[in-house]
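Asks: Residue numbers (the numbering used here), protein chains in the order written: chain A, 1 to 713; chain B, 1 to 107.
Short derived list, chain B residues pointing at chain A, Cβ under 8 Å:
| # | residue |
| --- | --- |
| 1 | D23 |
| 2 | R25 |
| 3 | R61 |
| 4 | T92 |
| 5 | G93 |
Label-pair restraints from in silico Cβ distances:
| # | chain 1 | residue 1 | chain 2 | residue 2 | range |
| --- | --- | --- | --- | --- | --- |
| 6 | A | D114 | B | Q36 | 51 to 59 Å |
| 7 | B | V35 | A | G89 | 20 to 28 Å |
| 8 | B | R96 | A | P509 | 45 to 53 Å |
| 9 | A | D168 | B | Q36 | 46 to 54 Å |
Don't read these hints as lab results, they were simulated from the structure.
All residues carry an ideal CB built from backbone N, CA and C; glycine is no exception.
The primary structure of each chain is shown beneath.
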Amino acid sequence: MSGMHVRPMLERIDAYPNQWISGFGVRAGRPLPFGATIVPGGINFSVYSNNATAMTLVLFRRGESRPMAEIPFPPAFRIGGVFAMTVFGLDAETIEYGYRAYGPYDPAEGHHFDPGRILADPYAKLIGGREEWGAARTAPDAEVYRSGVAGDDFDWESDRPLNLPAEDLVIYELHVRGFTKDPSSGVTAPGTFAGLVEKIPYLRELGVNCVELMPVFEFDECDNARSDPTTGRPLYNYWGYNPLGFFAPKASYASTGRHGMQVDEFKSLVKHLHLAGIEVVLDVVFNHTGEGNERGRTVSFRGLDNSTYYMLTPEGYHYNFSGTGNTLNCNHPVVRGFILDCLRYWATEFHIDGFRFDLAAVLGRAPDGSLLSNPPLLESLAHDPVLRDCKLIAEAWDAAGLYQVGAFPDYCRWAEWNGRYRDSIRRFLKGDLGMVGELATRMAGSADLYLRRGPAASINFVTAHDGFTLRDLVSYNDKHNENNGEDNKDGDNANNSWNCGHEGPSDDPEVSALRDRQVRNALLILLTSHGVPMLVAGDEMGRTQRGNNNAYCHDGPLSWIDWSLVDKNADLLRFARCAIALRRSHRALRRDRHVAETPPEGLFPALSWHGVHAWMPDWASYSRLLAAMFYADDDGRHDCVYVAANAYWEGQTLELPALPDGLAWHLFADTAAAAPHDVHEPGREPPLADQARAHVGPRGVLVLVAHPVPTKS
Amino acid sequence: MSFDAKMHVADGAATLRLVGELDRRSAPRLNELIVQAAARQVNRLVLLMDELRYMSSAGLRCLVFAHQKMPRGVEIVLIGTRPEVAETIRLTGFDRSITMEDSVETG
Chain A
1 MSGMHVRPML ERIDAYPNQW ISGFGVRAGR PLPFGATIVP GGINFSVYSN
51 NATAMTLVLF RRGESRPMAE IPFPPAFRIG GVFAMTVFGL DAETIEYGYR
101 AYGPYDPAEG HHFDPGRILA DPYAKLIGGR EEWGAARTAP DAEVYRSGVA
151 GDDFDWESDR PLNLPAEDLV IYELHVRGFT KDPSSGVTAP GTFAGLVEKI
201 PYLRELGVNC VELMPVFEFD ECDNARSDPT TGRPLYNYWG YNPLGFFAPK
251 ASYASTGRHG MQVDEFKSLV KHLHLAGIEV VLDVVFNHTG EGNERGRTVS
301 FRGLDNSTYY MLTPEGYHYN FSGTGNTLNC NHPVVRGFIL DCLRYWATEF
351 HIDGFRFDLA AVLGRAPDGS LLSNPPLLES LAHDPVLRDC KLIAEAWDAA
401 GLYQVGAFPD YCRWAEWNGR YRDSIRRFLK GDLGMVGELA TRMAGSADLY
451 LRRGPAASIN FVTAHDGFTL RDLVSYNDKH NENNGEDNKD GDNANNSWNC
501 GHEGPSDDPE VSALRDRQVR NALLILLTSH GVPMLVAGDE MGRTQRGNNN
551 AYCHDGPLSW IDWSLVDKNA DLLRFARCAI ALRRSHRALR RDRHVAETPP
601 EGLFPALSWH GVHAWMPDWA SYSRLLAAMF YADDDGRHDC VYVAANAYWE
651 GQTLELPALP DGLAWHLFAD TAAAAPHDVH EPGREPPLAD QARAHVGPRG
701 VLVLVAHPVP TKS
Chain B
1 MSFDAKMHVA DGAATLRLVG ELDRRSAPRL NELIVQAAAR QVNRLVLLMD
51 ELRYMSSAGL RCLVFAHQKM PRGVEIVLIG TRPEVAETIR LTGFDRSITM
101 EDSVETG
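Pulled out of the complex, with its shape left as it was, chain A reads as follows (with noise of 0.2 Å):
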């Protein structure tokens, strides 16, 4: 084409061939950076490989099933474990390509080399050939993912990664197929990324200002041989913890995606969350693939370099503290340096606010699975340039039996998922005894695990994708399993539940309110708490999974979220609206630094104990109720929230702290009360005709809030 220069510019004298290979005009590429990157006249492919003896690419038009060229690279276009080449000519927008790898196949050794396979790119920004959402393989095709090219160039306005701080943050972990799948939603496009943004408006109205997002890097749903026993139907890999593209967004997560465009529908999703005032966390899955172990599939590391990318025993066989059957070596230089691409990636190229670590212990350890006192990976990703404003959040265990919450490789800067958190509450609320220390030292920010991190180091949660929902939890005493086909035997034993008298679905009026009144008791103590709050979409409008704690492999109505239960829980949604709310107007609740560290503010001590009698908590091991009063001086206002909780089955009366003169208590929620009085808008309490005294109903929360006393006029 003999296009008209506007300008002409003096060209770079490489943006040209000097040989042809298999009819393409190619160069000796850069080898960095890794990846398939637009270059003037073409496409630069770098490929690492430490113990591949030669490589060949593998081009595609896309959407064709047999190569259209096979290029070698030249020994010449190597330099040290890196294949570097420049291809001319390519149009970046329909081709697709993979790597023929050649080296020894001895698993004694640790490699897999076959050059029968062709590879996917580790660094592929797009992945094409499963655009479709839990289509069956077709042979020969099955291994085959093709990597593809996307344009980095996107419109983003003025947006730029919302940096808000930590410890005002209430994140809302919800997985983007389930949110939007289920008809009830009405979105357009739904199970999508775009489906989310039609959505957005309800996470406004919610009040949350974070979404953490279930794995979106590319996975294999099929990747499940199981079936349901009670049905017949296959199962899925629905959750994806399974990632086989770690730098390309799901295909099949974008309505878009056959068009190859997931990257800017993507893109668009954040824009869009950060214009309604949210941020985005990724829940990212470092600690293993989806390749499975020795006898798994092989889609790319393991064909590329096997015994670089994954943790080896010295007989070769793979370590499994995942849980998965592989487990990636994150701590070798050249891993390390794959995931601080990669999260760069996903921070400059997609404005995410933070990252969420999937079993973060595994990547504290060494090549040879040994924990490592000072993690590399961990201190780099730590003090990363690039990543020093995203929220670097621990999921602070393994499947091997680490568990390293309050003691993460932290560097005073990774916050972690608070497990002692989410165990005490439940244990509270059921009313085991003995918990009463416990409650007050996890609604403190847990100073025990996290004193010189500070409070937002505490990620508090009651549930979790992994797990009861938070209607289960108070419906269920065991986990129900059975549809996962394993004999109900997979999930955790441990769940710290209570079904308020009744396994399962009950009409007995009783177990129902209490059911209702646990539920609220939940989202207020967690939503009062120091530390960051995190909900599980669909809680706040009362979602079952009918029993089941690990729903991974379930895609339907059991993962899915009804929006039906907007209009049938209606109650509960605004109750979850107003405890989000109250949060968000009281300072008090939202401090960057724990109490023992906290100066006095004037009034009262930022946070105090109370029990029966004001000022006199009882921490005796059969008590069963504790009130916290938090306090902060906002600017003059005295911002004043007093939380009573009760496990016990009797209702208590409470005598109050004494505000001074011109502030009064006003009822914020009262669990123990039938809607619509159980919760009030804040700023619109009603004050107490009783000053000095209250009731906490029978297993309630009881949270008052002090404002001047108001004028009659």
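Start from chain A and add chain B according to the hints.
Replies: Same frame as chain A, now just chain B:
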């Protein structure tokens, strides 16, 4: 794979009729016309889309290019966009800086 674009400037409006498939190969041609339209200092850019069968990722970027190339305040209107193309524009969020209209106004 074919693409054709013709521009007509009148009454302060540049009207471009797009025909065929707009992808990475054809996008430079459209961008060139957009640069010309910007140079003519029009206050309205109209894209007649009813004969455009397909718009790729690179094609979508022409819309952003137009938005950024035209002076602030210039309205960019897409008329008669086929449903499949319109859907792609909307789902990928490229509709934020343009106006979509159903059909050419008569008269």
